[in-house]
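Engineer: Residues per chain are reported as follows:
Protein chains: 2
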Amino acid sequence: MSKDIAPDWIAVDWGTTNLRAFAMQGATVLARAQSEDGMGKLSADQFEPALAALIADWLTADTVPIVACGMVGSRQGWVEAPYRPVPCTPLADQLTPAPTSGDLDVRVISGLSQAAPSDVMRGEETQIAGFMQLNPGWDGVLCLPGTHTKWAQLSAGEVVSFQTFMSGELFALLSDKSVLRHSLKEAGWEDDAFSGAVNDAISKPERLAARLFGLRAGHLLHGTGAATTRAALSGLLIGAELAAARPYWLGQNVAILGMGRQANAYLAALETQGVPAMLVDTESATLAGLTAAHRQSKAYS
Amino acid sequence: MSKDIAPDWIAVDWGTTNLRAFAMQGATVLARAQSEDGMGKLSADQFEPALAALIADWLTADTVPIVACGMVGSRQGWVEAPYRPVPCTPLADQLTPAPTSGDLDVRVISGLSQAAPSDVMRGEETQIAGFMQLNPGWDGVLCLPGTHTKWAQLSAGEVVSFQTFMSGELFALLSDKSVLRHSLKEAGWEDDAFSGAVNDAISKPERLAARLFGLRAGHLLHGTGAATTRAALSGLLIGAELAAARPYWLGQNVAILGMGRQANAYLAALETQGVPAMLVDTESATLAGLTAAHRQSKAYS
Chain V
2 MSKDIAPDWI AVDWGTTNLR AFAMQGATVL ARAQSEDGMG KLSADQFEPA LAALIADWLT
62 ADTVPIVACG MVGSRQGWVE APYRPVPCTP LADQLTPAPT SGDLDVRVIS GLSQAAPSDV
122 MRGEETQIAG FMQLNPGWDG VLCLPGTHTK WAQLSAGEVV SFQTFMSGEL FALLSDKSVL
182 RHSLKEAGWE DDAFSGAVND AISKPERLAA RLFGLRAGHL LHGTGAATTR AALSGLLIGA
242 ELAAARPYWL GQNVAILGMG RQANAYLAAL ETQGVPAMLV DTESATLAGL TAAHRQSKAY
302 S
Chain C
2 MSKDIAPDWI AVDWGTTNLR AFAMQGATVL ARAQSEDGMG KLSADQFEPA LAALIADWLT
62 ADTVPIVACG MVGSRQGWVE APYRPVPCTP LADQLTPAPT SGDLDVRVIS GLSQAAPSDV
122 MRGEETQIAG FMQLNPGWDG VLCLPGTHTK WAQLSAGEVV SFQTFMSGEL FALLSDKSVL
182 RHSLKEAGWE DDAFSGAVND AISKPERLAA RLFGLRAGHL LHGTGAATTR AALSGLLIGA
242 ELAAARPYWL GQNVAILGMG RQANAYLAAL ETQGVPAMLV DTESATLAGL TAAHRQSKAY
302 S
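The listed protein sequences derive, respectively, from chains V and C. Under our numbering, the residues of the first sequence are numbered 2 to 302, in order. Under our numbering, the residues of the second sequence are numbered 2 to 302, in order.
Excised from the complex, chain V in its bound form (with noise of 0.2 Å):
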């Protein structure tokens, strides 16, 4: 088999349930390739295996350095590369090489940590500063949705704080597990029920424990349809966050960066707000991020 691919070096974003792997050429994305290996998956030894076998076709002759942002790095990852304290720039010259018993050079980029309030974030480092290199002298939040989403205070090339908020990981468990579910079985979205609820909470954020359980007594009382019920729980828990990260938000410069329903229903809430933001791709980001970790750490090879 003909080798059409030679990347001079290898991008990696491996999270907790996803493993993807871009060959690049410069910042230039020659080929991609994903996998379902995510580092919750993976024990210790099953790292190297699960990469390899994802690229196997980018590799030559000659060792082509690997560089990989996420939960690779955390302690239940492939090897621990140990949080840096903000203030800092998202990324260090330095990154930790994985233990590897190939020919594979795999180094991986180090997350930020937090001493009070106490946080982490590990990969979002990584897209904060792709979202620098592609925004070169802004200073403001960003705003990066997902099952945990960080709020980050950029400024003069560092980030100075960041919060994490469980609103993601909430709506699943709430609208997958819990007595909820029975009232969210069809889809839909209903955007009034959305921006109602996001007023509620950000008016009342005390009301967020006492409304949940009223989502599921409005379906059985008053035939509460399940695209105003999903939209109003979504709308309850980004509330609720809003109230909880004003200080990240009110009067700043924000950036959201995601694509998905998601990302859109954090720009709408801030509408609410009154807060304009600006949507930024995810995927050029973290791209953007791991190329200038290989282009800064070039001494390590």
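Each statement offered as a hint is correct.
Note: identical chains are not told apart, hence a pair may lie in one copy or across any two.
The list that follows gives simulated cross-link-like pairs (lysine to any residue, SDA-like), each with its CA atoms no further than 20 Å apart:
{"id": "1", "residue 1": "178", "residue 2": "220"}
{"id": "2", "residue 1": "186", "residue 2": "75"}
{"id": "3", "residue 1": "42", "residue 2": "182"}
{"id": "4", "residue 1": "178", "residue 2": "39"}
{"id": "5", "residue 1": "186", "residue 2": "225"}
{"id": "6", "residue 1": "178", "residue 2": "72"}
{"id": "7", "residue 1": "205", "residue 2": "117"}
{"id": "8", "residue 1": "186", "residue 2": "41"}
{"id": "9", "residue 1": "178", "residue 2": "148"}
{"id": "10", "residue 1": "186", "residue 2": "77"}
{"id": "11", "residue 1": "205", "residue 2": "248"}
{"id": "12", "residue 1": "178", "residue 2": "16"}
{"id": "13", "residue 1": "186", "residue 2": "172"}
{"id": "14", "residue 1": "186", "residue 2": "76"}
{"id": "15", "residue 1": "205", "residue 2": "193"}
{"id": "16", "residue 1": "178", "residue 2": "77"}
{"id": "17", "residue 1": "178", "residue 2": "149"}
{"id": "18", "residue 1": "205", "residue 2": "247"}
{"id": "19", "residue 1": "178", "residue 2": "147"}
Please keep in mind that the hints were generated in silico from the structure rather than gathered at the bench.
Place chain C on chain V using the hints.
Structural biologist: Frame of chain V, contents of chain C only:
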């Protein structure tokens, strides 16, 4: 096999996960039986055989009246016993007969509903009725801890209003299914962490969303132990509930219907706010309520 037990009626507490039956003579328990044939596991035609199997030893040639409360009366249960809107007495004279193919004579107690804010209960109305029987003339607020904790305002023998909170279910989902489970693996409980978190959530309820992931980060960065994390998670959720339920307990006469760890957590949380509460045994209240329903509805047989 000789019949040692000859009840004049049978009390049944049939919830989502358990079925419990009591052979009764007036208000006296002659025998008890229980199984895991909860409403959640049964289809419509499985209720009658499940009950018949459990109480077979108690049945005589004469038909014995059976009174049941709980989720058995929901739309997904044996027969739908329609909600009664508050304000009203916790029990009506009229019970709903369950369809049977054999000799069982089963009547089901209705739940209560509230139009605004939307809310429902099923099973707790019987405990409330029993509490009223055991404490005649008592006016105040009853807290019924559970998967879905209820707060009910009682006055002059009626349930005036009530409110349901999902804090119990949220605690179970977050400690078993979310990323926080990694930080809660060992047993234990730290009282100070609990009361600190209660105070924090009551005084700044909008911070709940922000504090949850902080429990995970505190474990990763500072090695916070499981006993502290578990108590803090419980304290945050119950504190947020107390913030939302303030009109129910502030300056009120409060009783807590429950005896386990969860009931004691509510007692301790109310103590942090200077609110004394009386703890009342749930089973006594349930039986007193079923007995009252049986006596009130004598007309039916």
